[in-house]
Amino acid sequence: KAGVTQTPRYLIKTRGQQVTLSCSPISGHRSVSWYQQTPGQGLQFLFEYFSETQRNKGNFPGRFSGRQFSNSRSEMNVSTLELGDSALYLCASSLEARANPNYNSPLHFGNGTRLTVT
Amino acid sequence: GQQVMQIPQYQHVQEGEDFTTYCNSSTTLSNIQWYKQRPGGHPVFLIQLVKSGEVKKQKRLTFQFGEAKKNSSLHITATQTTDVGTYFCDLVLQGAQKLVFGQGTRLTINP
Chain A
1 KAGVTQTPRY LIKTRGQQVT LSCSPISGHR SVSWYQQTPG QGLQFLFEYF
51 SETQRNKGNF PGRFSGRQFS NSRSEMNVST LELGDSALYL CASSLEARAN
101 PNYNSPLHFG NGTRLTVT
Chain B
1001 GQQVMQIPQY QHVQEGEDFT TYCNSSTTLS NIQWYKQRPG GHPVFLIQLV
1051 KSGEVKKQKR LTFQFGEAKK NSSLHITATQ TTDVGTYFCD LVLQGAQKLV
1101 FGQGTRLTIN P
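Chains as they are written, first to last, in this note's numbering: chain A, 1 to 118; chain B, 1001 to 1111.
What the hints contain is simulated information worked out from the structure, not anything from laboratory work.
These figures come from a predicted structure and were not determined experimentally.
There's no promise every hint is true.
As the list claims (entries may be wrong) - List of simulated lysine to any residue pairs, SDA-like, C-alpha gap at most 25 Å:
no., chain 1, residue 1, chain 2, residue 2
1, B, K1051, A, L95
2, A, K13, B, G1041
3, B, K1098, A, K13
4, A, K57, B, Q1094
5, B, K1098, A, G42
6, A, K57, B, K1056
As the list claims (entries may be wrong) - Ranges between beta-carbon positions, derived for each pair:
no., chain 1, residue 1, chain 2, residue 2, range
7, A, G28, B, N1110, 38 to 46 Å
8, B, Q1058, A, N77, 34 to 42 Å
9, A, T20, B, K1057, 40 to 48 Å
10, B, T1108, A, S22, 28 to 36 Å
11, B, T1077, A, E82, 38 to 46 Å
12, A, T5, B, V1013, 32 to 40 Å
Stated by the list, open to error - Derived coverage of chain B by chain A (criterion: at least 3 residues anywhere in the stretch with Cβ under 8 Å from a Cβ of chain A; other residues may be distant):
no., region
13, 1043–1056
14, 1101–1111
Every residue, glycine too, gets a C-beta built ideally from N, C-alpha and C.
Between the sequences and the hints, there should be enough to build the whole structure, so can you do that?
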């Protein structure tokens, strides 16, 4: 079974530009979550999508948005990039929504997209 | 205020020493998961704890969930160089079902 695939692996953008990152979950997984990882802030939750609906959202500004398609693939968009957006963006998939009270399936992470904003 | 605190932020030990990381929440948790991230890698699932007072073991790793379901710990006995990495707790806060990742504890080991 193929793992979680994130594209592209590396990206360099300029301040003010926008960027779209892609995540293909493990086959059969319906939940996709996005995380931002920086040396100073650790791993921070961005949002979670399940069955094309955003189920949970972290404390990020509206410049960060996402969506999920009917095949469970997900995209994350960051508009008006800032220098502080430079980070490793990780996507994780799971069978069920993480916020489901009966949740018991682990997150499977991709290798991430390293975004550098100059 | 901050709802989740994972401590310590860093821990350096001699190989063979024990290691413990703690995850503390001001809110009752639905469940908690623990992950390990090796340098240059992505987080990998270790365990999930759901029940109050639950204790689970994986070889040299012992995971505990507090009686009040507000804290958890991961203890490694007799560390080995393969244990190097950052350990994260992943929490679901009860009620609001809010998702939070702990700040992580970075473990380094002197062989």
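Now for the hints, and whether the structure bears them out:
1. B:K1051 - A:L95: At roughly 21 Å apart (the allowed maximum being 25 Å), L95 of chain A and K1051 of chain B satisfy the hint.
2. A:K13 - B:G1041: Within the cut-off at roughly 23 Å; holds.
3. B:K1098 - A:K13: violated, 32 Å
4. A:K57 - B:Q1094: This hinted pair holds, its Cα atoms lying about 15 Å apart.
5. B:K1098 - A:G42: holds, 18 Å
6. A:K57 - B:K1056: Given that 25 Å is the threshold and the Cα spacing comes to 30 Å, the pair is violated.
7. A:G28 - B:N1110: 38 to 46 Å: At roughly 43 Å between Cβ atoms, N1110 of chain B and G28 of chain A fall inside 38 to 46 Å, so the hint holds.
8. B:Q1058 - A:N77: 34 to 42 Å: Given about 38 Å between the Cβ atoms, the range holds.
9. A:T20 - B:K1057: 40 to 48 Å: Holds: the Cβ-Cβ distance is about 43 Å, inside 40 to 48 Å.
10. B:T1108 - A:S22: 28 to 36 Å: holds, 34 Å
11. B:T1077 - A:E82: 38 to 46 Å: holds, 44 Å
12. A:T5 - B:V1013: 32 to 40 Å: holds, 36 Å
13. 1043–1056: holds (count 5)
14. 1101–1111: Check passed, 4 qualifying residues.
Of the hints listed earlier, those the structure fails to meet are numbers 3, 6, in rising order.
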